[in-house]
Amino acid sequence: MNHDPFSWGRPSEQTYGQYDHSIAQASIPKMNTQDPIVTGTSVISMKYNNGVVIAADNLAAYGSLLRFNGVERLIPVGENTIVGVSGDVSDMQHIEYLLDEMKIENNYDNSSPDDEEALQPSYVFEYLAAVMYQRRSKMDPLWNAVIVAGIEKDGSPFLRYVNLLGVTYSSPTLATGFGAHLAIPLLRRVIDKETDIEKTDLALAEQTIRESMKVLFYRDARSSKKYSLAIIDKDKGLMFKQNQEVENMSWKFAKDIKGYGTQKI
Amino acid sequence: MFRNNYDGDTVTFSPTGRLFQVEYALEAIKQGSVTVGLRSKDYAVLVALKRNADELSSYQKKIIKCDEHMGLSLAGLAPDARVLSNYLRQQCNYSQLVYNRKLSVEKAGHMLCDKAQKNTQSYGGRPYGVGLLIIGYDNSGPHLLEFQPSGNTLEVYGSAIGARSQGAKTYLERVLDDYLAITDATELIKSGVEALRQSLKDETLNTDNLSIAVVGKDIPFTIYDGESVSQYL
Chain W
0 MNHDPFSWGR
10 PSEQTYGQYD
20 HSIAQASIPK
30 MNTQDPIVTG
40 TSVISMKYNN
50 GVVIAADNLA
60 AYGSLLRFNG
70 VERLIPVGEN
80 TIVGVSGDVS
90 DMQHIEYLLD
100 EMKIENNYDN
110 SSPDDEEALQ
120 PSYVFEYLAA
130 VMYQRRSKMD
140 PLWNAVIVAG
150 IEKDGSPFLR
160 YVNLLGVTYS
170 SPTLATGFGA
180 HLAIPLLRRV
190 IDKETDIEKT
200 DLALAEQTIR
210 ESMKVLFYRD
220 ARSSKKYSLA
230 IIDKDKGLMF
240 KQNQEVENMS
250 WKFAKDIKGY
260 GTQKI
Chain B
0 MFRNNYDGDT
10 VTFSPTGRLF
20 QVEYALEAIK
30 QGSVTVGLRS
40 KDYAVLVALK
50 RNADELSSYQ
60 KKIIKCDEHM
70 GLSLAGLAPD
80 ARVLSNYLRQ
90 QCNYSQLVYN
100 RKLSVEKAGH
110 MLCDKAQKNT
120 QSYGGRPYGV
130 GLLIIGYDNS
140 GPHLLEFQPS
150 GNTLEVYGSA
160 IGARSQGAKT
170 YLERVLDDYL
180 AITDATELIK
190 SGVEALRQSL
200 KDETLNTDNL
210 SIAVVGKDIP
220 FTIYDGESVS
230 QYL
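Those protein sequences? They're chains W and B, same order as listed. Going left to right, the first sequence walks through residues 0 to 264 as numbering that gives the first Met the number 0 numbers them. Going left to right, the second sequence walks through residues 0 to 232 as numbering that gives the first Met the number 0 numbers them.
One or more hints might be untrue.
Estimated spans, in silico, between C-beta atoms of each pair [unchecked claim]:
| no. | chain 1 | residue 1 | chain 2 | residue 2 | range |
| --- | --- | --- | --- | --- | --- |
| 1 | W | F67 | B | Q95 | 34 to 40 Å |
| 2 | W | S155 | B | V155 | 31 to 37 Å |
| 3 | W | S110 | B | G123 | 31 to 37 Å |
| 4 | W | K235 | B | V155 | 36 to 42 Å |
| 5 | B | S229 | W | S155 | 38 to 44 Å |
| 6 | W | S110 | B | Q116 | 14 to 20 Å |
With a straight-line cut-off of 25 Å between C-alpha atoms, the simulated PhoX-like cross-links for lysine-lysine are [said to hold, decoys possible]:
| no. | chain 1 | residue 1 | chain 2 | residue 2 |
| --- | --- | --- | --- | --- |
| 7 | W | K233 | B | K216 |
| 8 | B | K29 | B | K114 |
| 9 | B | K64 | B | K40 |
| 10 | B | K216 | W | K152 |
| 11 | W | K224 | W | K254 |
| 12 | W | K152 | B | K40 |
| 13 | B | K114 | W | K102 |
| 14 | W | K102 | B | K101 |
| 15 | B | K49 | B | K64 |
| 16 | B | K189 | B | K168 |
| 17 | B | K40 | B | K189 |
| 18 | W | K213 | W | K198 |
| 19 | B | K216 | B | K64 |
| 20 | W | K233 | B | K101 |
| 21 | W | K213 | W | K240 |
| 22 | B | K200 | B | K60 |
| 23 | B | K29 | B | K117 |
| 24 | B | K101 | W | K152 |
| 25 | B | K64 | B | K189 |
| 26 | W | K137 | W | K29 |
These aren't lab readings, by the way, just hints derived from the structure by calculation. This structure is a prediction, so every number in the text was calculated from the model and none was measured. A virtual CB, placed ideally from N, CA and C, is assigned to each residue, including glycine.
Bound-form chain W, shown alone (with noise of 0.2 Å):
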């Protein structure tokens, strides 16, 4: 055997002749994995009191291009559900038929499924997650970063993320991409351990949402000022808030920054 590390493995030239290449260069294996191309950016979340707080705004970038400003990424399952999706579009909108399918197959052979056999949100997850892992172990993966939020039926409020990679944790704080490195420091302000979930009402979830989506559209470049907001509330269910906007942003101080240094003018 040859041990060059550029030949490694084949059959030594001493030995047994010069190597045909052509043996092991017979065709590029198949490709399943590229790269995500049409992209959404941050998925924001955290627990309150009663119930779970979503976000995601509606731009679908196209590399640097912000090419589709009216995608909706956050999808409602029943009543009780949305999952919140950032990364590749195209691999969003098969989630979207998986969760469609997923819905049909539940009405399926089952004469309850409004109430005691409706679909919940852990059983939502399960699912999202087992897909992602599998497909990441064909070596062919969606290439997102998915939350998941909602309601049990026991009235437990769920919120657990999964990724291209099939990973998966829960926090009472959670978001994706960028989110994850500006919104969650601002969201673990409000809530930095378990305890502090039931300290936390409604509004203060909503508000402290809202200010790190303003925060997001001041720094990732991918990001947009349209929004999608969801609540999913114990006792006031689903209220899916759209065509949300940044607001109260403060630009003012920027005229009174000039040059690099030592400009004055």
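With the hints as your guide, set chain B onto chain W.
What follows is chain B alone, placed relative to chain W:
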């Protein structure tokens, strides 16, 4: 003369629209030893009379657990019951792994029904020769299903299948309101055993031939065999 030309296989309808092979399969259930199922608002119970071939042999098991929340008892061909209960186990497992969801008893019934139905519609196969009583506790509470190899699966409050099951059935019909109101699992088991007694002829119940299973709001599916049934005798 008088030979039945319409019972050779499951794909032949008789002139009156009957499937004789399926009806013969239903007969196989009646050869099996009796098993009783009943439920209240919070619990579901199976009680079964086990049989042995002779005094030297063991008693054939009648109750099979499918998941933490579901199980069944059988009357008829035990191998067929193994096939069907293994299928139910798989489906419970699938639901748990993929959806983090307990398979609903209703769905389980529909799945068994579809599986049995296939065997009555194509050539070369045969219907299952076993009847099942399925109990489970899911999001909508306790359930009892009666499965027949014709593909019929019915939800019931109480039922009995197997040899001389009519006695137990009649008893359950008569005391329906009593056991529906029972709030204690032990009491429900006792009325199940009492129902089973109505179907006995030569045998008497003892720790060897009685088998009990219960599932409910605070009890995962549990089988009681041997010494642990003595308190119900």
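Let me make sure I understand: some of the numbered hints might not hold for this structure. Which ones are they, in numerical order? Failing hints: none at all.
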